[in-house]
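Asks: As given, the protein sequences belong to chains V and C, one line each in that order. Per this note's numbering, the first sequence starts with residue 11, numbered consecutively. Per this note's numbering, the second sequence starts with residue 2, numbered consecutively.
If you are wondering where the hints come from, they were derived from the structure by calculation, not from laboratory data. All C-beta atoms, glycine included, are put in the ideal place defined by N, C-alpha and C. Any given hint could be a false lead.
Stated by the list, open to error - The following label-pair restraints were derived from C-beta to C-beta distances:
#1 Thr18/C to Gly71/V: 37 to 47 Å
#2 Tyr40/V to Ser54/C: 27 to 37 Å
#3 Tyr40/V to Gln29/C: 26 to 36 Å
#4 Phe28/V to Leu74/C: 38 to 48 Å
#5 Ser2/C to Ser93/V: 12 to 22 Å
#6 Glu79/V to Ser28/C: 34 to 44 Å
Claimed, not checked - Partner residues aside, some chain C positions facing chain V, computed with beta carbon under 8 Å:
#7 Asp103
#8 Glu104
#9 Pro109
Stated by the list, open to error - Calculated pairs, DSS-like style, for lysine-lysine (alpha carbon to alpha carbon, straight line, at most 30 Å):
#10 Lys78/V to Lys62/V
#11 Lys115/V to Lys62/V
#12 Lys115/V to Lys66/C
#13 Lys8/C to Lys66/C
#14 Lys115/V to Lys8/C
#15 Lys70/V to Lys115/V
Now for the letters of each chain:
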Amino acid sequence: GDSVTQMEGPVTLSEEAFLTINCTYTATGYPSLFWYVQYPGEGLQLLLKATKADDKGSNKGFEATYRKETTSFHLEKGSVQVSDSAVYFCALSGLGGNTPLVFGKGTRLSVIA
Amino acid sequence: SAVISQKPSRDICQRGTSLTIQCQVDSQVTMMFWYRQQPGQSLTLIATANQGSEATYESGFVIDKFPISRPNLTFSTLTVSNMSPEDSSIYLCSVLSGRFVDEQYFGPGTRLTVT
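Bound-form chain C, shown alone (with noise of 0.2 Å):
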């Protein structure tokens, strides 16, 4: 399985500012996808990151208040714009497996807090 690694692991961070995480790889991979997960909740879909390709956001999340950048196949970063308190989650990002097309492997998370 791929090993993932993520930047911050954790950050308080004040209302309106921006805060860029960043995920990092083992191995080259094509598919990234970056998740949210509220407090006590199920992980969300953020949006997918191909390399060499614009990510393509799911319903209600937005390239504005969520840039991504994915400048090669083993790293990228999303960025939370603007922040708000509603913004505080954990946030994953998470691979395809090499060898298995369905299997998806997670890195530890970004638990942001927004004061």
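Just chain V, same shape as in the assembly (with noise of 0.2 Å):
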């Protein structure tokens, strides 16, 4: 079946870092790839996403290229504050959508100022 593996953490980085999380994913097709963010004490909300090859999804200065040669989906920022604390999932979606989402481990992140 579908799967996603990301990074473990906690990353523990300081203010003005380069942030990047790996994601890669064993997927039927071509799925559509997210990331989402959970902020302490908060529900998930919808970070970024690509549905196709070389797509590049962006929010937030948040950035990650759906690979179909590595199927891999990688979260960068190139300089994360201190807002930017929270738990990225990475996430796939199967062909066609309307199908749950098939969720990474999550990774922690954590900035200090």
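Assemble the dimeric complex from its two separately framed chains, guided by the hints.
Replies: This is the structure:
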């Protein structure tokens, strides 16, 4: 079945550091790929998505590129802020949509001033 | 995006009791999903709830333990029955975006602690 593997956390960075959270997937066909963020005490929010190969999703300074050849969707941000401290989940949706998401295990990011 | 509310936001329950969690959406949606997030873990799908049909449960989850109702296109409930400490989790409902069939929006979650 479909699966998502993302790097283990926690990740601790200083403010303004560069962030990469690795995510790879296994799926039939060409799934849609997502990054969700869960801030402390809150529910999941969609951060960005990409629906086909070479698409780049971006939001709030975060970016991720759908790499079909490496089945990856790594999350990056050039300069993190304390307010980015959260848990980040990589997820995929099966071909055609209308299907539940498959999530990675989540990566906790802590940004210190 | 859809606005989703859940009640209660948190609860502490005794072993052997049941809790019903409500999920309300501000627009009509066809598919709703219930997930469980155990402490420090990722989200696991419990079931898919479509209006007018029985919920479809994932492997490891059964209707007797997690009965679901879906009486209309804006509302659903999940009951956690005969609770044990292992049921302590955050329970989240989600819906598909009406605009993009592959996007899901999540409620704020219900944090359940079973003692």
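Asks: Looking at the structure, which of the earlier hints fail to hold?
Replies: none
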